[in-house]
Each structure stands twice: as C-alpha cells, then as structure tokens.
Amino acid sequence: MAGDQDDPPYRSGLAALRDGWRLFQASPLLPHYPGTETQTAYLKYEFWFEQLVEVAS
Amino acid sequence: MKLSTRDIARFVARGYLEFPALTPADLNQAFLDESEHGVVPEVAAGTPLAGAYPADSALAHLYAYEPVRDIIESLVGPDPLVDHHFVHLTLGEEQRDALGITRPVPSQHWHQDSTIDTRAGFDVQLMWYPHDVTREMGGTRFLPGSHLRIVSEAAIGRYQNIRGQRHVVCPAGTLLALHHGIWHGGGANVSARTRHMVKVRLNARVPQIRLWDTSDLEAADFEQRPIFWATTPRADDDLHAILCEYQPWFEADTGRLEFINRIRLFRHLLGDSKFDADYWCTRLELNAGRRDEAASGVREL
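As given, the protein sequences belong to chains A and B, one line each in that order.
In this note's numbering, each residue carries its 1-based index in the first sequence increased by 16.
In this note's numbering, each residue carries its 1-based index in the second sequence increased by 3.
Just so you know, the hints here were simulated from the structure itself, not pulled from any lab data.
From the three backbone atoms N, C-alpha and C, an ideal C-beta is built for every residue, glycine too.
Please note: incorrect hints may appear among the correct ones.
[Stated by the list, open to error] Label pairs and their calculated CB-CB ranges:
1. 104(B) <-> 32(A): 43 to 51 Å
2. 217(B) <-> 45(A): 27 to 35 Å
3. 39(A) <-> 219(B): 51 to 59 Å
[Stated by the list, open to error] Derived coverage of chain B by chain A (criterion: at least 3 residues anywhere in the stretch with Cβ under 8 Å from a Cβ of chain A; other residues may be distant):
4. 155 to 164
5. 196 to 204
[As the list claims (entries may be wrong)] Computed far set for chain A versus chain B, every beta-carbon distance over 10 Å:
6. 40
7. 61
8. 66
9. 68
10. 70
Given the sequences, and given the hints that come with them, work out the whole structure.
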C-alpha cells in the first residue's frame, strides 16, 4: 500500500530476480512529437511471450 | 488502358496492385532464356526508361507491352527513370543439388527497400513473375497497407509473421506494382524448381498528379456521408471505403492514422488539398492552429 514501507524490499532489481521474482516491461506509451503525431512507423505494442520448459540435464 | 481512380485509391490504401497473368507466354519465356544465359542487361541508375534497355531485350519488350506501359504511366508518368532492377533467383532443390547446397535458403527478413524515405510521392516497384509460382516456391511475402510506415529498412526484421501477410502465389506473367515503402521479404523455396522474380524500381520525372484515367471521378466522391452511425452499406467501389479499408494487423489506435496518411497521399495525387474520406482529415483541420501555440498567445495578451 502506498506509503507503508520506507525501505525497498530488495537492494536491487537483480536481487529481486534472484529471489524468484520475474520482470516484465510493457511497451512504453510515448508522447507524440509535435508535427509528427499522425506518422506511423514501427509496431507500437510489442510483447514477447516466454515459456519455461524443463529439460533433462 | 490506364488505371482508374478506384485502382489508384486501392494502390494508396494497400500499397500494391496485382495483375495476374498479365504478360504473354512468349515474353515470359524470352526473359527466362535471357536469365538462363546471363544476358539480362545492366542499366545505370537514373537512366530514362525509354532507351535504357537494348531494344531486343525482354525487359525492353516488357515496358513496351501496352498494359505494362499503362500501369507505369498511371503511377509515375511517362518515361520515368530506372532506379535499378534486380533478378531475384531463389534456388530450388535441383539447382541446389547441382551446387552442393544441402538446405533451402531461409526466407528473407521483413524489410522496406532503400532507406528512410519521407517523400510525399512514391517510386513504383514492379515485381514480375515470368513463370508460375506455387506456395512451395516461396513467392514474395508482403504486408498489405504497410507502405506508409516510415521505418529504416531491415529494422523491422525482428518481426516474424504478421496477421494479414500475403505470399505471392500466381500464374506465369503476373505483375505486381508496389509502393516503394511496402514491407516485404522473399520466401524460402522448398520446391524442386528455381524461382525467378524481376524487380524494377522507377522514379517519376513529372508531378504525380492525376496521371491515371480520371473519368470515373464524380462529384459524389468529394461529398461526405454519415459515418459511425451509418446503416447504408457501402458499394465495393466506394472511394471512401476503399481508402479506409481495414487491415488485420492494424493496432486499435494507429489504424486510424493509416487512414489519415492514405488520405494525405491521395490528396497529393489528386492535386486537391481539401479531399477527404470519411471526414478523418477535415475534423483535424477545423479551427486550425496548435493548442500549445494558442496557449502561448493567450499569455501574451
């Protein structure tokens, strides 16, 4: 909840990953530069699916 | 016969026009013979098309063939410049075996030709398929409606498959006329036969304004009709409906920007800065002026 924890739960993002957290970043929604608001270019919403698969060692 | 206004609108909306089995069998074979014997001519970039090719070459005959000439003139006008041409060969199993190549060449990555191109007009790229192309032969993959996206050549190569992509599967003599910006790539040829495709890029030397047969252009094409709450079905040849054709790969918001960019290109070709389809541009041009500029003006007062 907002404001209920003065110290971050981990010292770094890497420490969180090592503790089992997984990290996702959604496609950023960027402001439109004046004069180019209607110009299209690369696909805007890009996500990658990851599937973890057990393999024999 | 030159292209119609509806044809041009489809080109503007989709980024290509397809003409199945357009060229005759003897012309198709003449080119294949030249390709086999390695005598396809070279042309310096920027050479006017008239006289660019030896008169007895298959490519000279291709441009002289009236239906092809009419397509070219409708899009880039008379006697455009030859930017370049290239004979794309995708080896089939028989030729791979002869050369000791054990696997088909993988399909080519998505790309837009040349480099970042911000011009209002366009170059036309002709893709000519002088023999039948089956799905196994890996005919050119392309994405309808992608041509107005300004990207940097192979930067789109990380996209794999895109909903709505098409693969050229066609009878001999098929010609595609494409906007230079269309996203495309060659397919993998897993058939026995080698695939040939000739690509020619042509630059206009005249303003690309009303170069086609405009006799189908009517006053009604310039009028607005009900939008959104519109229960009357549109005819297939309705100009506004053609320009606002949806593509399956559209994102929910940016598809509308594609409509706007198509309308702007069509205005450019029409030589009419007021033309609109389904009100997409007019709405944005009412009470013109930028919000940020207006705000600074208020402060000055």
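Hint check:
1. 104(B) <-> 32(A): 43 to 51 Å: holds, 49 Å
2. 217(B) <-> 45(A): 27 to 35 Å: violated, 42 Å
3. 39(A) <-> 219(B): 51 to 59 Å: Holds: the Cβ-Cβ distance is about 57 Å, inside 51 to 59 Å.
4. 155 to 164: With 3 residues in contact (Cβ-Cβ under 8 Å with chain A), the coverage given for the segment 155 to 164 of chain B holds.
5. 196 to 204: That given contact is violated, which follows from only 0 residues of the segment 196 to 204 of chain B lying within Cβ reach (below 8 Å) of chain A.
6. 40: Check passes; 18 Å lies beyond 10 Å.
7. 61: Violated, since 6 Å does not exceed 10 Å.
8. 66: Non-interface label on residue 66(A) holds, nearest chain B Cβ at 15 Å vs cutoff 10 Å.
9. 68: Residue 68(A) clear of chain B: closest Cβ-Cβ about 20 Å, beyond 10 Å.
10. 70: holds, 25 Å
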